[in-house]
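Starting from the known structure of chain B, arrange chain G on it as the hints suggest.
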Amino acid sequence: MGSLLKRTSWLGAAALLGLAVSSPVPALDWELDLDGRLVSVNGPGPIIDGGLGSTRFGGDQSGTRLGRARFALTQSLGEVWSLSLDASYWGDHDKTPVGLTEGYLLWRPYPRDGFRLRVKTGAFYAPISLENRASGWESPYTLSYAAIDSWLGQEVRTLGTEAQLDWLGRRMGHDFDVGLTGAAFGWNDNAGAALAAGGFTLTDRQSVMGGRVGKPGVPPVRAAEPFREMDGNAGFYGGVEVRYLDRVVLQFLRYDNRANPGAVDVVSHTVAWDTTFNSAGLRVDGDRGWTAIFQWLGGVTLIAPEGEQERWPFRAHYALLSKTFGKHTLSARYDWFKVDGYREGEDDHGWQKGHASTLAYLFQPNASWRLALEWLHVVSTDYNREDFAQGDTLDSQTQVQLSVRYAWGSTIP
Amino acid sequence: MDQVNRAFDPDLLVIPLNSTVTFANSDTVSHQIYSFSPPKRFQLPLYRGKPYPPTRFDQAGLVTLGCNIHDEMLAYVVVTDAPYFGRTAADGTWSADVPGGPYRVSIWHPRIRDEDKALQGEVTVAESEGKLTLRLKRPLKPAPLEGKPHSWDRY
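Which chain is which? The protein sequence lines are B and G, in order.
The first sequence begins at 0 in numbering that gives the first Met the number 0 and counts up by one.
The second sequence begins at 0 in numbering that gives the first Met the number 0 and counts up by one.
If we strip away everything but chain B, and leave its shape as in the complex, we get (with noise of 0.2 Å):
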C-alpha cells in the first residue's frame, strides 16, 4: 500500500511538471493611467516650482493641466517573486521627465503554519497611509492627500529592503490578524528639508526616484532632492498593524533615517536631514459604504552643519469621512499641520501652521474611467512666506479641482 501511494504521488508530480510547462501563466500585469484635470487655484504656486503654497496647483496655474501620466507593470518571476515598477510623468518642471515613484522586487513566499512572510526590495512607500491604498498609492477617497501622506510622497520612500510578517489569525478561525513591519534603508538622508523649508502642503504630487521638490536657486526649499545618501547610515522602521476581520486596521510605525546632521555634501553643499517621526492611524471601514480614518504623525528633523544645530519638530494629523453609493463616493477630511523652528537666538525660524478642509465626489462608472471633483481649502501661516516670498505670513488658499481618468490594463475588464 505504501509503495501505491509513493507511486501515485511520483505520478502526480510529474503530472503537475508537465501541466506547467504547458499552460503558459500570463505573468505580466500592466496599467495606463491618464488623469486630466481642469484646475481653478488662488495663492502662492506650488512648492514643486520653488513656490510656499500649499497645494499642488497655484500661482497662474488655474487651466486644464495633467494630474498624472503613469505606467506600471508587475512582472511574475517564478512562483513567488515579482517585479513591480510604476512610472509617472506630472507635468511640471522635475528634473527628470519620467520617473519612478517605486520600483521594487518582492519575495512572497506561501504562508506556513499561520504565518506569511514578504520581503520587498527596492524603492517602495513604508507602510503608513491608510487613505492611499489605491493602486499607484492614490487615494479613493480625494485627488489632494491628507497633509501626512503629501508630504510622505514628497519626501519619504524606502530604498532598501522591508520584512513583513503576518499572523494570520483570520484564516485559523480568530477575528485578528496581526503584521509586524522591519525595514532596513538608504538614500532617504535628505527627507525633512523641504517640510523645514516650505511646510506641510496638501497635493497628489509624489516624488520620483532622482527627482526634486523645489526649483533650484529659488529659496527657501531651492531643490531638495530627497533621496539621496549623504553620510552612509542605514536607517530603520519598524512598525506594528492589527487587523480585526476586514473592518478595522489599527497601525504605528517609527521610523528614524538616522542621518548624520553634521554630514555636507561639498560638491552639492547640501546637508544631511536628520529625521525621526511616528505614526499611528485607525481605519475603520464600515457597513452600507462607509469609511472613517484618522491619522497622526509627529517628529523632528534637525541639521548641524559645523555643529550648528537647527531643528523643526513636525506634528499633523488628519480625520476623514467618506461614504460611498454604488459607484458614487463622497468624502470629507480636514487636517491640522505644524513645523516649528528652532535655531541659537531665534523663536520662529520657519515656522508653519495651518488646517485644511477637503470635499471631494467621487463617480466610477467602471473600472476605466473616474470623474472626480475636489474643493481644498488650506489657511496657513508660514513665516517663510514674509522672508523669502515678500508675502503675508498668513494665507488662505482655495483650489477646485475638476479630474478625469482613464485607465487601460491587463487587469482592467
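Hints listed in this document are in silico derivations from the structure and should not be mistaken for laboratory results.
Heads up, a few of these hints could be off.
[What the hints assert, rightly or not] Chain B is faced by these chain G residues, among others (derived, beta-carbon under 7 Å):
id, residue
1, V28
2, Y33
3, F35
4, Q42
5, P44
6, L45
7, T63
8, N67
9, P143
10, L144
11, Y154
Every residue, glycine too, gets a C-beta built ideally from N, C-alpha and C.
Just chain G now, with coordinates in the frame of chain B:
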C-alpha cells in the same frame, strides 16, 4: 470551485471525505491557491484555467483556502465523514431524507461566534419526520465587505 472576479465561487463547499475538488480559475489574472489547514495542506502554483488534476481531501475537518497573490480571497472546504450533509439555504434550513433513528447534527459557518457545543444537537427521526432547531446565542461576525475595488490594499 471556481475563481471569478478575484473571489472563490462558491466560497464554501461541503464535501464527503476522500472526495476531490477541481480548482478552476476563470479570471484573466492568475491565482495561486494555498491551505495551511491541518486536514489538507497544499498549494497550487500560479495558474489560469483548469490545469491541475482534482485535489483529494482525505482527512475530515475544515480547510481554509487563500490566494497568495490576492490577500482578500478566502474560501472554505468542509470535509466531513458524516453520512448526511449539505449546505443550508439562505434561511438557515436544511433537510435530508434519512432512515428513522437517532442522529447527531452539527452546524458550522465562518461567521458564527458561538461555542462548539451550542452548534450540536441530537434528533430522533420517527417514521414521519424529525426536526431539530439550533438557535445561536451570539450575534454573527460582520459579513465580509463587498464592492471594494480590487486595486485597493496593495499598500
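We went through each hint and held it up to the structure:
Using the Cβ-Cβ criterion of 7 Å, the hint placing G:V28 at the interface with chain B is satisfied: the shortest such distance is roughly 6 Å. Evaluation of the G:Y33 hint against chain B yields a held restraint, the C-beta minimum of about 5 Å falling below 7 Å. Proximity of G:F35 to chain B holds as hinted, the smallest CB-CB distance being about 6 Å (cut-off 7 Å). Using the Cβ-Cβ criterion of 7 Å, the hint placing G:Q42 at the interface with chain B is satisfied: the shortest such distance is roughly 5 Å.
Taking 7 Å as the C-beta cut-off, the interface hint given for G:P44 holds, the closest approach to chain B being about 5 Å. Given the 7 Å rule on beta carbons, the hint for G:L45 holds: about 5 Å separates it from the nearest Cβ of chain B. Look at G:T63: its Cβ gets to within about 5 Å of chain B, closer than 7 Å, so that hint holds up. A least Cβ separation of about 6 Å between G:N67 and chain B falls short of the 7 Å threshold, and the interface hint therefore holds.
At its closest, the beta carbon of G:P143 sits 6 Å from a beta carbon of chain B; the interface hint therefore holds under the 7 Å criterion. Interface restraint check for G:L144: the shortest CB-CB distance to chain B comes to about 5 Å, inside 7 Å, so the restraint holds. Contact between G:Y154 and chain B, as hinted, is supported at the beta carbon level, the nearest pair being about 6 Å apart and thus within 7 Å.
Of the hints listed earlier, there is not a single one the structure fails to meet.
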